[in-house]
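Q: Here are the chains, one letter per residue:
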Amino acid sequence: MTDETDDLKGTLENIREQEYPDLPADLVEHIVEIEYDSLEDRARAPKEINKIVEEYLGEDG
Amino acid sequence: MLNIRSITLEDFGPFKGTQSITLPEDPGVTVVFGENMRGKTMLLNSIRYALYGRVLSRGSKEISPEQVINWESKEEGKHSFKVILDFEHEDDDYELTRMFKPRDGVTEPVDDDDYIEEVYLRKNGDVLGPDEKDRELNRIMPEKVSRFFLFDGELLQQYEELLVDESKMGQRIREAIERILGLPVLTNARADLRELLEDAEKAESKAAQRNQKTQELGAQLESLTETRSHLNDELEELKEDLSDLQDREASLHEDRKKIEAIRDRVEEKKDLEEEVDQLNDDIDGHQQRLRDEMADAWRGIIRNPIQKKLEALRKRESDLRSTQTRIAVRKELANRFEKAVEGSHCPVCEQDLGEETESHIKKELEDLRQVEEQDTEAEEEYRDVARAISILEDLEAPDPAERIEGIVQTIDRLKAERTDKKDTIADIENEIESSQEDEVHAINREYKDVIKKIQATEDAIEETEEEIKEANQNIKKLQAQLDKESGADFEKERERRKIFKHLRDLFDDGVDVYRDKLRDEVEEDASRIFLDLTTEPEYDGLRINENYGLTIVHEDGDDIPVRSAGAEHVVALSLMGALQNNAPLQGPIIMDSPFGRLDEQHEKNVVQALPAMTDQVLLLVYRSELRPEAARDFLKGKLRAEYSMERISARHTDLVKGGGDD
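Protein chains in written order, with my numbering: chain A, 1 to 61; chain B, 1001 to 1662.
Source of the hints: derived by calculation from the structure; they are not laboratory data.
Treat the hints with caution; some may be incorrect.
Once the Cα atoms are required to be at most 30 Å apart in a straight line, the calculated DSSO-like pairs of lysine-lysine come out as [as the list claims (entries may be wrong)]:
#: 1; chain 1: A; residue 1: Lys47; chain 2: B; residue 2: Lys1501
#: 2; chain 1: A; residue 1: Lys47; chain 2: B; residue 2: Lys1270
#: 3; chain 1: A; residue 1: Lys51; chain 2: B; residue 2: Lys1144
#: 4; chain 1: A; residue 1: Lys9; chain 2: B; residue 2: Lys1213
#: 5; chain 1: B; residue 1: Lys1144; chain 2: B; residue 2: Lys1133
#: 6; chain 1: B; residue 1: Lys1213; chain 2: B; residue 2: Lys1476
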């Protein structure tokens, strides 16, 4: 999976750096991984993404 | 990566009994040599059948499975066939079995309804449920991109579809290519983040309502986000409907192309039938005129006698006219003589008459009275002749024979024309069965219906998108107002909303950027492969369009607008190679008659390039297309196995390992 999503992550990181620097890079990478693993189980991805965002918001403050 | 280990056939096409091909584990090329009509296309079809349950003939027309059963086995009472595909994908072992057989209880099947198809997929030894099987196969090798793995050299028009930007089929293929290039990860993320953003906005509005200062704003925001949520759901449904309709349109478009010849004949028949109806009306009209003319035709028969009689009567009338003049003069004279005798006075010279004169006048008058009777007879005859002439003139009519003949000739000509057209209609009816004609009408009707529905759906989508845009603008205004109000109550919801918005926007941008990046990479790889394959030094590479269609670029920068079937081959192979390089979805390339349109040098270039395109290549060729010695020379260590299709009978081919030489 690493090889196949590296390209996607790279593209998103370039955009994040320029346009959305406040977004944490690892959060974005984690979302890509969740979506890749959920290609066959679409209902799973939104729940997982929500969870990691909540965790991030909890840590942030 | 999909890696086929073996293909096992049982009474499939010309392959009688159970036969199999094993593909080597090591990367490389397997060549199957088979002359024409030995079963190369059926071997390609066996893989298509196993994966998708379809068998295609030349022209990509689908063949009924019943026709695929080996004929000799059928004669021996066996009415079934089976294909087993043994393969590996991402370290999992699969065995896909698809069979076509009579239903339970049917010993002598008559038509398609007497058959049943069974398919099951084992993954690492376990049989998958039907839904899981379908999902798995769709993930491993979606049918829409199968043309980039199962290459039929005779069906190049499939690749030409990609060249047309507006082609619906091209758009469908583009979506399928993007799917295998990994774009769904981003598009799914974008969709999920949009949903999460909506939830966050709703949560924020609810939280705002708990605060007295922001209660009103919160309520308005909740109402707006709710409305927008419904609109988004509606938009989603409309887009799904549109996608289904476009798939259906693309499918009907293909059906219409396949039946184009029949469709033209059906249209021709319809036009001819309308012309025959018109001819019938014309013939009826002329026949009525003929009847009208014939009602008076008897006048023509008596015309000559009437004319002769009239001639005679007119001559008599002319003679009698002179007599009438003389009679009139005599009458006038008699009158004057009478007056003169009565008054013994001449009315002309105004003199009294002497005795002698009076006696002379009396004598003249007597003579005149003597001819009076004759005069009366002459007058009567004159009147009779005049009356007879009048009567005969009424009966006289122009000769209708010419007109009647003209009408009859016209009717004959129209009837001959009608007969020709009816003959043509009969020929067409012999060519096409009524079921085919019904099919053409049904397809045309449905196609028109689908086009209308697509337009209506596109209009509805545009309208809904406008409404969503308006809702978004209003939501943004309200959120801006809310942002001015501080409050711990909804600070967290605000932060959540903001982060989801940024994430959504990031992935939105990511989809566009990645899509362009993928296309650029495919273009670059396809160009590189193309330049390795082509022998034309003035070509600079390939240019890609929205649908992954490729055009050849000359070194002066211009596109090469038209290309030969040979060039199409090379471009299609370049795309296949580029997709294999860039896709997370990779698999074998199976090629049927790939070199038919290529010269020797191009053939060599293609064969040598194949092992670099993908790990597993299966080539189905005839010996004069690619000589065994040439294959060994071009491929060297990359040629892993050879098979040969040996003729046993016209309907029985055996797959034999090795045997590349005659």
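Q: Against this structure, judge whether each hint is valid.
A: Consistency of the hints with the structure:
1. A:Lys47 with B:Lys1501: At roughly 17 Å apart (the allowed maximum being 30 Å), Lys1501 of chain B and Lys47 of chain A satisfy the hint.
2. A:Lys47 with B:Lys1270: Cα-Cα ~60 Å, so violated.
3. A:Lys51 with B:Lys1144: With Cα atoms ~35 Å apart, Lys51 of chain A and Lys1144 of chain B exceed 30 Å; violated.
4. A:Lys9 with B:Lys1213: Measuring from Cα to Cα gives roughly 43 Å; hence the hint is violated.
5. B:Lys1144 with B:Lys1133: OK: Lys1144 of chain B and Lys1133 of chain B at ~17 Å, within 30 Å.
6. B:Lys1213 with B:Lys1476: Holds. Lys1213 of chain B to Lys1476 of chain B sits at ~19 Å (cutoff 30 Å).
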